[in-house]
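Please put together the full structure from these sequences, using the hints given.
Residue numbers (numbering that gives the first Met the number 0), protein chains in the order written: chain A, 0 to 239; chain B, 0 to 390; chain C, 0 to 236.
In short, the hints are calculated from the structure, not lab data. Check each hint, because a few of them may be wrong.
[To be verified] Straight-line alpha carbon distances no greater than 27 Å define the calculated DSSO-like cross-link-like pairs of lysine-lysine that follow:
no., chain 1, residue 1, chain 2, residue 2
1, A, Lys-27, B, Lys-75
2, B, Lys-361, A, Lys-135
3, A, Lys-103, B, Lys-75
4, B, Lys-322, A, Lys-134
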Amino acid sequence: MIQTIESGIPGFDQLTVSELAEGGIPEKSTTLIYGPPKTGKSIFCNQFAYQGLLKQEPCLYVSTDQGLKQVQSNMMGFNWLIQSYIQNQTLYIIDGISQLSGAKLEDTNNIKSSSVGNPADMMVKVGIGTRSVYKKSNHFISILDSLNTLFAFNQEQMVIRILKAYLRRIREAGGTGLIAYTEGVTNSDTENELKSLFDNTIRLDGEYIRVESNFEDYEEVKSYESTYIITDEGVVVNGK
Amino acid sequence: MKKTHIPKLDEFLGGGIPAGSSILFCAVPGVECEAFGYQILNGVIEDGYNGFIFTNVTEPHNIIYEFNRYGWDLNKYLKEGKAFFVDGSSNFIGIPPMGKYSIDELSQIEEVVLKAIDDVSDGVGVINNISTLIDYLEDDKIIEIINKWNECARVNNTILVYIFTKWDYKPELVDAVKSTVDSVVSLTSIEERVIIGQGFMVTSASWLHPKNSMVLYFVLQPGGVKIYIPKILVTGPYNAGKSSFVELISEESVSVDRMALEKFPTTIAMDIGHVDHNGFVADIFGTPGQERFDLMLDVLAKEAVGAFILVDSSAPQTFGRAKEMINKTQSEAIPKIIVANKQDLPGAMSPEKIREAMKLDKDIPIIPTIVSENNGVEMALDTLLKILYGD
Amino acid sequence: MVIKMIPCIESGIPGFEELTRSNGGTGGIPENTATLVYGPAKTGKSIFGNQFTYQGLLSGEPCLYITTDKGLKQFETSMNEFQWPIERYLEDNSLYVIDTISDVSKGKLPKSKTVVQSYINNPTDIMVKVGSGVHYIYRNNPRFRSVIDSATTLLAYNDNMLIIRVLKAYLMRVNEAGGTPIILYTENSADRIVETMLKSLVDNIIRLDGKELVVEAMKGIGKRSSPYLITDKGIEL
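What follows is the structure in C-alpha cells.
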C-alpha cells in the first residue's frame, strides 16, 4: 500500500483512490501542479499546506511569486490563518521576492529572505530549511509557489537545475513536495522536461482537474479526472 | 601573498594566495559559498589594498546589507574608494545600477571586468558568480573569458576570487572551469538526509601541494566563516565497551568527572577524547549508557556530526536500548555506525543477525569489533569518517 | 459558510460593480490587487484605464499614471473628450503622470512635481520614476491607484523578459505601498510565452473584445461576463 497524505481538498482524496493507495497525495512523492494562469494552483497549494499545519505537520514554504505578506493575506481570504504556525515555527518560509519591492524582510529562525535571481542563495536557505523542518518531523510538506518567477529571472536550463537540486533535497529528507507552475511560460521542450521530473502531476484548467501518477509501485501511469470549482473554502473537486 | 583571513585556509594554502593568482570556491548547491569571497575582500582591504566585487546575482545594496550582517562595513570602503562594485545585476532587473561600473549587456562583461582588475592592481577582485554566466554565454566563451581575466590579474598582481556553484553541469565543463584557475577550494556538505554540516578542502593549488584536510565550518552572522572541530559521540547501552573504544581511537583520552564540565548539573562520568586520524580532527564524547543520562544525549546529539553506537554482540537483551539511542541520534539526522563489539564472547551475534534483530535500515553500517584486542576499531573509525567526508 | 468580504474600490464603470458583486460584497476592483485589462486593439482598454483613474481622483484617491502611447497633452485631451477634466488633479498633485513618450525637445511638459518625463526605451529610468512616484503618493495616501497604458509599447521597445521583471517589480512596489494597479495590454502583441507570463503576474484578468467584457479571473469571484458599449461617457456595461 502506498501511504498517502490527506490533501485537504474536498473530493480530491475520493477521486484518487486506487487499489494501491487510499487517495490523497502520496507521501514522500513530488507533485507538479500546473495549468493556465489563474486556475487555482496557488489556492490548491495553500489549501494542502494548511491541511498539514492543522495537524501540526511542519511545512517548508518557498514563495517566489508573492511575498510573505501577500501569501498570508491570500490565505486569510480563505480563513486559513497561519500566524500561529509562523510563531510556533511549524511553518518555515523562504521569501524569494520581497527584496524586489524594496522592503527589507527581517530574517528569523523560520522566515528567511532570499532572491529569485540568486539561486545559489535560495538553495542555501532550502538546505537550512529542510534541516529545521526535518528535525520537527520527517513527515513534512514542501511547497514551491511557483516556478514562474524563477523562469523570469533565470535562464531555463538554470531553473531546471535548481528544480532538480530542490527535489533531490526534499526527497532525501523524506518530505512530500508540491510545486506550482503556469503552463505556457516556457517553451514546450522545457515544459516537458519539467513534467518528467515529477512523480505526479495535477492539471487545473479552470474546469477540469486531471491527476496523473507514476509513483513508485504503480506499474503504469494512473490517471483521474473530474471537474472542480473554487469556492470560499478553496478548491472543491466534484464527484465524477 | 595575500592572506585570505579565513581560518585554516591560509595554512592550507601555504600562507595565503600569491599576488596575481586566481582561486575558485566550488560549492555544491545548498552549501554557503559567497561568504568566503566577501571575507577575503574584507580582509584584503583591511590589510591596505583595494578591491572590487562583480555581482550578477544580487544588487549591490543587498551585498552591503550582507556585509553588515557579517559585521563588516563595506560602505566605508566604498566611500573611501577602497572598494567598488561592478554591477551586473541591477540592469537585468531594471533598477538603477550602483557602482563604478555597470553592465547593460552581456557582451560588455569581459571588458568591464578587465578594467576593474586593472583598477585594483595588487588588490583583490571577487566574481560572484560564474554559474550565472554559464547559461548566458557559451561554455567555451566562459572558459575564454576566465582565462583572459586571469591573465590580466597576473599582469596586475591582482588576486581573483571566483564563486562557483556546481549545479548539474557536464563534468567536462566543471573540470574545464577548475583548470582555468590556480587553486580550487571545494565546499561540500555533510549529509544524513539533510545537510548537517559544511566543509571546505583545498583540492588544488598551483604553488604547493595543498594539505588535503577537510575542515568543517559555519557561516555566522556576525562573524563570517568560522571553523569548528566536530563532536563525535560514542554511545550505546551500559557495558558495551564505550570507554575502551574512546581510549583506543583517541590520541589522548581522559575520563572526566562532571565537576570539570559546567554544562551538566548531575554527577556523571564521561569519556572525552581527541582524534587526529588521516588529517581528520574531532573531539570524542563517550556518553554513559544509563537512561537517566538521555537528556545529555539529546544535547550532545544536537552538536555532534556523527555517532558510534556500541553494542555488546552477545547481549541481545540490550538491543532495545541501543535502538532507543539510535532513534535519539536519528532525530538529529546525524550519520552513525553500529559497532558490534565483543565478537569474541560466546553467543556473540554476527552483524547480519544483529541487523535483523534490531530491524535496522540497511544504510547503517555494522562493524564487528573486539575492542579489548584492538580488532576492527580502525575499520570502524574509517567507516564513519568515510560517511562524513566522502572519499 | 464563510462570507468572504473582499474590500473593493469603485471601478468607475457603470454596471461593473453589479457584475462583480458576490455574497455580501460590494463588487468593483478588489483593493490592493493587480489587474490586467487586455483584448484586441481599439476595444476600449485605454478608456477603461482612464475611467478607473478618474473615478479614483473623484473619490480622493491619487493615481500614478504611466503613459507609453499618448503624451501628456494627448492624454489630457482624451480625458476631456469624455468629460473627465484632469487639470485640477494635475494642479493639486493627486494625478502623478510619468510620460515616457513626449518628445522633450519639442513639447514643453509643465513644470510640476507630479508630471515627470521618462523614456520608453529606458525601463530602468521608468522604474526610478515609478519608485519616486510611489514614494510621493504613498506618503500622504494609504490608498491610491496606478495605471500602465500600456505594456504593449513597453514590450515593443525593450527586451521582453526585462519588461516582465520590471512589471513584476512595479507590481511588488505598488502592492507594498497599498495601491491598486491596472496594466493594459493589446492581445497578441507579444509572443505567447510573454503573454502567459503577463497573465500570471496579476490577480485579476479582464478581457474587452469589442462587444463583451469578460472577467476571466478575479479575486473572490468566478468568471463573469457582460456586453458593453463605449459611449461618450465612457464604457458602460
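For each hint, the structure was consulted:
For the hint pairing A/Lys-27 with B/Lys-75, the CA-to-CA distance comes to about 49 Å; that exceeds 27 Å, so the pair is violated. With a C-alpha separation of about 24 Å, the suggested pairing of B/Lys-361 with A/Lys-135 holds against the 27 Å cut-off. Between A/Lys-103 and B/Lys-75, the direct Cα distance comes to roughly 21 Å. Compliance with the 27 Å bound is thereby established for this hinted pair. Taking the CA atoms of B/Lys-322 and A/Lys-134, the gap is near 18 Å; set against the 27 Å cutoff, the hint holds.
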